[in-house]
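Asker: For the protein sequence lines, the chains are L and C, in the order given. All the letters of the first sequence, read from the start, carry residue numbers 649 to 870 under this note's numbering. All the letters of the second sequence, read from the start, carry residue numbers 60 to 492 under this note's numbering.
Incorrect hints may have been included.
[Unchecked claim] Sample of chain C residues facing chain L (criterion: CB under 7 Å; computed from the structure):
#1 L180
#2 P347
#3 G391
Quick caveat, the hints were computed from the structure, so don't treat them as lab data. From a predicted model like this one, the values you see are computed outputs, not experimental measurements. Just so you know, even glycine gets a beta-carbon here, dropped at the ideal spot from N, CA and C.
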Amino acid sequence: MTLLEFSRGPMLHAALVIFVLGVLWRLTSTVLAARRKNNAEPRVVGGPALSGGLIAVGSRSWPHPEFIPRTGFGEAVGYGYHLGLFAIVLLGAPHVVFWKNLFGINAPFWPTLPTGIISVLSVVTVFLMLIATLRRAAHPVLRRISNFDDWFTLAILYALMLTGIMAVFGIGGRYETILALHIISFNALLIWFPFGKLMHAFYIFPSRFVNGYMHTKKGAAS
Amino acid sequence: MNTATQSFSASSDRLSPSQREERAMAAFAQEFGALAALNLESCIHCGICAEACHFYIATEDAKYTPILKAEPFKQAYRREASAFAPFFKLFGLKKKVTADQLEQWQELLYDSCNLCGRCSLICPMGIEVADLIESGRRSMAEAGLAPKELLDRARKQAESGAPEQPDKPYPELLNEIGQANGLEIPLDRAKAEILVLAPRNDLEGNPAAVAAMVKVLQAIGADFTFSSDALVAENYGYYAGSRGLQKKITQRVVDAARKVNAKLLLVPECGHSYTALRWQAANIIGEPLPFRVRHVTEYLAEQLKEGKLRLKQVSGDSFAFHDPCQLVRKGGVTEAPRALMNALGLELKEMENKKGFSFCCGGGGGVNDLERAKPLRYRAQELKLREIDDTGANRFVTSCSDCRVAFADAAEHFNWDKQPESLVELVAANIKE
Numbered sequence: 649m650t651l652l653e654f655s656r657g658p659m660l661h662a663a664l665v666i667f668v669l670g671v672l673w674r675l676t677s678t679v680l681a682a683r684r685k686n687n688a689e690p691r692v693v694g695g696p697a698l699s700g701g702l703i704a705v706g707s708r709s710w711p712h713p714e715f716i717p718r719t720g721f722g723e724a725v726g727y728g729y730h731l732g733l734f735a736i737v738l739l740g741a742p743h744v745v746f747w748k749n750l751f752g753i754n755a756p757f758w759p760t761l762p763t764g765i766i767s768v769l770s771v772v773t774v775f776l777m778l779i780a781t782l783r784r785a786a787h788p789v790l791r792r793i794s795n796f797d798d799w800f801t802l803a804i805l806y807a808l809m810l811t812g813i814m815a816v817f818g819i820g821g822r823y824e825t826i827l828a829l830h831i832i833s834f835n836a837l838l839i840w841f842p843f844g845k846l847m848h849a850f851y852i853f854p855s856r857f858v859n860g861y862m863h864t865k866k867g868a869a870s
Numbered sequence: 060m061n062t063a064t065q066s067f068s069a070s071s072d073r074l075s076p077s078q079r080e081e082r083a084m085a086a087f088a089q090e091f092g093a094l095a096a097l098n099l100e101s102c103i104h105c106g107i108c109a110e111a112c113h114f115y116i117a118t119e120d121a122k123y124t125p126i127l128k129a130e131p132f133k134q135a136y137r138r139e140a141s142a143f144a145p146f147f148k149l150f151g152l153k154k155k156v157t158a159d160q161l162e163q164w165q166e167l168l169y170d171s172c173n174l175c176g177r178c179s180l181i182c183p184m185g186i187e188v189a190d191l192i193e194s195g196r197r198s199m200a201e202a203g204l205a206p207k208e209l210l211d212r213a214r215k216q217a218e219s220g221a222p223e224q225p226d227k228p229y230p231e232l233l234n235e236i237g238q239a240n241g242l243e244i245p246l247d248r249a250k251a252e253i254l255v256l257a258p259r260n261d262l263e264g265n266p267a268a269v270a271a272m273v274k275v276l277q278a279i280g281a282d283f284t285f286s287s288d289a290l291v292a293e294n295y296g297y298y299a300g301s302r303g304l305q306k307k308i309t310q311r312v313v314d315a316a317r318k319v320n321a322k323l324l325l326v327p328e329c330g331h332s333y334t335a336l337r338w339q340a341a342n343i344i345g346e347p348l349p350f351r352v353r354h355v356t357e358y359l360a361e362q363l364k365e366g367k368l369r370l371k372q373v374s375g376d377s378f379a380f381h382d383p384c385q386l387v388r389k390g391g392v393t394e395a396p397r398a399l400m401n402a403l404g405l406e407l408k409e410m411e412n413k414k415g416f417s418f419c420c421g422g423g424g425g426v427n428d429l430e431r432a433k434p435l436r437y438r439a440q441e442l443k444l445r446e447i448d449d450t451g452a453n454r455f456v457t458s459c460s461d462c463r464v465a466f467a468d469a470a471e472h473f474n475w476d477k478q479p480e481s482l483v484e485l486v487a488a489n490i491k492e
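If we strip away everything but chain C, and leave its shape as in the complex, we get (with noise of 0.2 Å):
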């Protein structure tokens, strides 16, 4: 199968070349924190992230050394802020990022790197490589070299709340899904304890899953309310790159929740909006969040806990759990799920790579929406068929809806047996009343 590295699409095709390496390094500059300067001074060379890495281990194509993805950030701080960088740029020993050279990492960063951090693990010097990739996006993204797919949908978001132009708006959508389930949905309510995401995968593909966590919620008692002013989790900004529409996009949620006066933001099932809400937007905006940002699991392993929660067994399957990367190894929720299967009765089959150490699915970090990616992203996923099949469970769930759309994918593209299922279908189905 073919890997070249594939044709750049520029989101913004005014810039001339010296214009972007200006406001690459512009973007570096920002980046060049004391964090950054530990990760990028440790880096030994020892090549041993390319291990971790599912693209790496798929293709056995060293262009896919996760460090190497960082090389025009590391390269920008050698030359710019590094203790010699006067030195390295009197001799010439560090070049300057270019233009090309930026082009050429386009697919680096973003088609190859689902920001996963399974490379951050495996580290012996505890480099955040993630991290360094996620600084490399933010200076593609100001440079005009995220992928067009990505920052148009992030600009759409940042200025109307949804990342494309939905055959219907999302609140009508959402009502639909109320009337098709047999559900009020509340929408836009004065005051509520929880402001409530759905995934935007759900709304437009699986609307069973946002209506299942409605019934859940609804099911405890909780007091809670969808906003038409920010009803989409993920975060299009993030997936760029770009800080300034992942900034106003995390506003519109913030904004949304200080108006109801929530106390809890609920995250639904979506990796990447959880790492954005959870851990990025207090610090994207600049102060502490006047709420709680739980994840829905987190949210009805806390409930089940305090007895407000009850659930039927499920009999007669076996089970495989995908942990999302962004929920488990980057977030921290790794017993909650557990805890729901556990209550279920699941006959839960762990995979070889589990929990903190779990490959990803393939599709996150905006992946999922760069039709280029798919051949690249389809080698990187047989590993974890792979992985799933070796367990003999013969169903198959997971807690993050993006997980969902990359599995539901490749389960078409390699005729698979299995379907992705949502945890939290699984649980509104099985609630004891």
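Just chain L, same shape as in the assembly (with noise of 0.2 Å):
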């Protein structure tokens, strides 16, 4: 069995089993802790209450004009390189092929970017990763609150980004070789993701919605 090969069956197989179970057992978690009945008269209730909940989880993700002076940096270059890892993974013609392979589905209307946007994006991703990078290692606040797993994590997305920019333009090796390292590089992340702060991509509607809710039931701000 091939280096290639093996990251793209036993691995891939293995980290796809870690990351459904372990995301599972995780929101399990969440979900089953306590819950405790809320017996202040609300001020807001039903529909309106849930509305709250609702727009919490669209308006959370744009700063209010009262933070953007002092937000608005680290949240552009956040929100870019999500942005542009979105991009990369869902229209980059080789990853939707992946994905097709990989669901055994067959979606034509499925479409995909030029290789060459996929590549300038790639790089504009990575450039942002590295400013996000660089204010974690300068920024006091951010180097204060920073742990193993941030790092570990930004670790895996670089692994992940230079494998498919080196694959991408044909440098560092053989295709197959850095094809496999890219792909060994994905199975990483699956296998990280339930234990780490990747879990932000499950938890961050809910988190969202239920602050929206738990505010415009009191009237109070949002």
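Join the two chains into one complex using the hints; note that each chain is given alone, in its own frame.
Answerer: This is the structure in structure tokens:
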């Protein structure tokens, strides 16, 4: 078995199992934690309170104007590389083929971006990630609150992005080897996903919703 | 100015470090619910919460990052209750919260946090950071590490209803306030529609505000009484983080309201008592309250709407209004004070950060009571005073006595040219007969 066969065969399957079971377990443990009845008389109930939750799911993606002067740059960089990652993962032609094969789906409507655009996006995304990493290392607040999870997650993302760029531009060695390293990086991301901060992909919407719902029930700012 | 970590003050010196750790963990365990789990699981360490916190903005000291203040709680959760807790524990990936660590965190949880909740508004993940800090305070109180000033007052209030031994008993003070202002203040009536509380700050330091509230209630013909069993609005159990003492103090108020068959519990100009009574009381005693809880400005705005309260116009001055965090940002009492100011015809000059986004006065959450926190508080307050000055208003009004105390102290410290005024006093002085 070659490294490439291993990476997209048994290793990928094991990583997927760990990813699915780990994510389910982590979400289940959160959902099953004790819930306390709220006996306080709400100011807003029913539909409007639920709407407050749903609005917060969207509105928290954009900072309140009061905060933009202090947070605008950091948030732009953060959202910027997230958008770059999404575009590359979901609209890059090789990735679309990978997803279709992995899930055994035939989706002729799935659009792709030209390779040139994906290449530029990849470089821009890595550049934004570099800025985010430098901020994490240099900004006193980020440096103080960062832990192993932050640095390890970034390391996996760099491995994934750099091996991807190397594969696209044909640099760094045999294509099969680079591709295998790229897939191994992806597998590492899947394996690490349930244990660290990558889980924010699943927590972000319920967390925002609950915040918006609870605040709206009190008539408070959200 | 020095903002180095203050030496901690233990409210109980009898506990050994291991006893403190055990008690803190037991308190943390009580806080590990679904909401806390969601908040704790969601943090991405983006640090944005620092940019909402007046203590961080004023000092640029990373230790004042709000989510860092909740670190012992996060650490305990990961190690003891999270999905992979056994894994974290087995491989020593999350260390045990130690008594030393808790001692270091006292300043962060008490001196440098007003529980104002501005951090909860900025978080892109929607984490209730202020709630996590409150949970942190609860473990500190159980570990005997709440600041002595707060816990001693909480104990006294739970026992006697008064956080400190006043020069004169509060009922006597109330009677004197009535006599000095030509008012007959109803106290300990057998039955009343409304049970009214008074801020300790005002009873002792600004009796005119208490008299003003009584004057307005009498002017609109309200059926009300004070109770000598529960006269004080503040809840020092809440400030200290002691769930047990908070419950006892709350129960005292709830029992007094039940005793007079009150339909309404009227919270005076005090922000934290609004949170403690409006949003937490029913949960801490474990059942819905048999009466409504409203802030005095909410109640007066209702009376205004019903035409029972009519006000004269105030002219010649411009006003800045401070939105108390517990009332506005966390409590939703945003429009009521503005309805009153509008009825008074005030020329209101809003601050850059207003309503839900207002900066805290710096004194809430028990910080006013911590002498050692003053230097740090003043630094945070400079931001706020500057914003008030920037409005160009020549008068300054608010609807929380704790905020007034904080601003009055800052005014003296900085030789500021304004004095915080009570909105209810302004209303009382301008009732249209």
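Asker: Look at each hint and say if it fits the structure.
Answerer: Now for the hints, and whether the structure bears them out:
1. L180: 6 Å, holds
2. P347: Check passed: Cβ of P347 (chain C) comes within 5 Å of chain L, closer than 7 Å.
3. G391: This interface hint holds because 3 Å falls under the 7 Å limit.
The structure is consistent with each of the numbered hints, conforming to all of them.
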